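As given, the protein sequences belong to chains W and G, one line each in that order.
Under this note's numbering, think of the first position of the first sequence as 1, with each following residue one higher.
Under this note's numbering, think of the first position of the second sequence as 134, with each following residue one higher.
Treat the hints with care, as some may be off.
Now the stretches of chain G that chain W is said to cover, found in silico as 3 or more residues with beta-carbon under 8 angstroms [stated by the list, open to error]:
id, region
1, 191 to 200
2, 207 to 216
3, 241 to 254
4, 276 to 282
Since the hints were derived computationally from the structure, they do not count as laboratory data.
Please read these numbers as outputs of a predicted model, since none were measured by experiment.
Glycine residues also receive a C-beta, built at the ideal position from the N, C-alpha and C atoms.
One letter stands for each residue in the lines below.
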Amino acid sequence: MPLTDRGRKILERVPGGVLHSTTGVGCEIVRHEELCVGCGKCAANCPSGASKRSETFDVNQLLDAPAESRRGQLGGALRRLMKHAPDGPVEVPEHVTVYRTIAYDDDKCLGCGTCVRNCPVEAIDALPPAVTP
Amino acid sequence: MTSAETSTIGAARQAAAAGRTIVAFCCRECAYAAADASANARTPLPPTVRLVLLPCTGRVSPLHLLGALAEGADGVMVAGCLLGQCHYREGNFNAVDRVAFVQRLLKTVGVEPERCQMFTMSAGEPPKFVAAVREMDRVIGGLPPLERSPQAGAHAGTAPAAGARGAA
Numbered sequence: 001m002p003l004t005d006r007g008r009k010i011l012e013r014v015p016g017g018v019l020h021s022t023t024g025v026g027c028e029i030v031r032h033e034e035l036c037v038g039c040g041k042c043a044a045n046c047p048s049g050a051s052k053r054s055e056t057f058d059v060n061q062l063l064d065a066p067a068e069s070r071r072g073q074l075g076g077a078l079r080r081l082m083k084h085a086p087d088g089p090v091e092v093p094e095h096v097t098v099y100r101t102i103a104y105d106d107d108k109c110l111g112c113g114t115c116v117r118n119c120p121v122e123a124i125d126a127l128p129p130a131v132t133p
Numbered sequence: 134m135t136s137a138e139t140s141t142i143g144a145a146r147q148a149a150a151a152g153r154t155i156v157a158f159c160c161r162e163c164a165y166a167a168a169d170a171s172a173n174a175r176t177p178l179p180p181t182v183r184l185v186l187l188p189c190t191g192r193v194s195p196l197h198l199l200g201a202l203a204e205g206a207d208g209v210m211v212a213g214c215l216l217g218q219c220h221y222r223e224g225n226f227n228a229v230d231r232v233a234f235v236q237r238l239l240k241t242v243g244v245e246p247e248r249c250q251m252f253t254m255s256a257g258e259p260p261k262f263v264a265a266v267r268e269m270d271r272v273i274g275g276l277p278p279l280e281r282s283p284q285a286g287a288h289a290g291t292a293p294a295a296g297a298r299g300a301a
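In isolation and in its complexed conformation, chain W is listed as follows:
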């Protein structure tokens, strides 16, 4: 488990500071990408910068989304038109904000669960940390 940027700066200031392992402290974060609506609240509130709105969009997120959701409606329309499976992620223009894939950096994740509390559609779950004997 990594430190936050702030934590790293403090550690540099401490004379003779030694970092002890923090493994197993945070929750295990499980994401359900098909439920994500792309609001970006997880990225906006992430204290360690582990989750970010990316510049690309994985079109399969539209096709897998629940049918009644907005992404699902768009996916339904796209499914009627498509001639083959999507070639891959598409680049997203600047002013399109919600149709973006949230990129997660697991190496930076603290497991704090802030994203879980801020997710409006419960697309992220936090599992308790594994207890090591």
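Position chain G against the provided structure of chain W, taking the given hints into account.
Okay, now just chain G, sitting in the frame of chain W:
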């Protein structure tokens, strides 16, 4: 019923017979006014086009564009103000990017991206509007008919309401 209305209905029937439909989402402040002026001047528009009035092209969402295509339109066009002249400051910039996004979505699943295009004009340029519609009509006429798979799931009727309204 005025002769203009009769001819619109006749044109719609012709278009249905020709089997091509273009849905044009028009900004109220510019493109729709230009369309109005061109109609007053009795400039013939291609019979394939259906106009949908929007308060601003910033209202257009990817769902409107894809939904219209999925529900029967062969092409969709968005006609808005000149860049920098949006009455809501940057609505047409949003529309430009959403159209570009829909084009990329179409391209990645193997559909011609030219089926969705953005045009800009001012309210005082009816010829530019007519030229845009004719250009769109020419492009769509050169493409094969858009193939659609049958509706899957119960949700499919709800999504493209805007497109269905535009085609009516």
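Verification of the supplied hints:
1. With a cut-off of 8 angstroms between beta carbons, the region 191 to 200 of chain G has 4 residues touching chain W; three or more are needed, and the interface restraint holds.
2. Only residues whose beta carbon comes within less than 8 angstroms of a beta carbon in chain W count, and the region 207 to 216 of chain G has 0; fewer than three means the coverage is violated.
3. Counting residues of the region 241 to 254 of chain G whose C-beta lies closer than 8 angstroms to any C-beta of chain W gives 4; at least three are required, and the coverage claim holds.
4. With 4 residues having a beta carbon nearer than 8 angstroms to a beta carbon of chain W, the region 276 to 282 of chain G meets the requirement of three or more and the stated coverage holds.
Violated hints amount to a single one, hint 2; each of the other numbered hints is respected by the structure.
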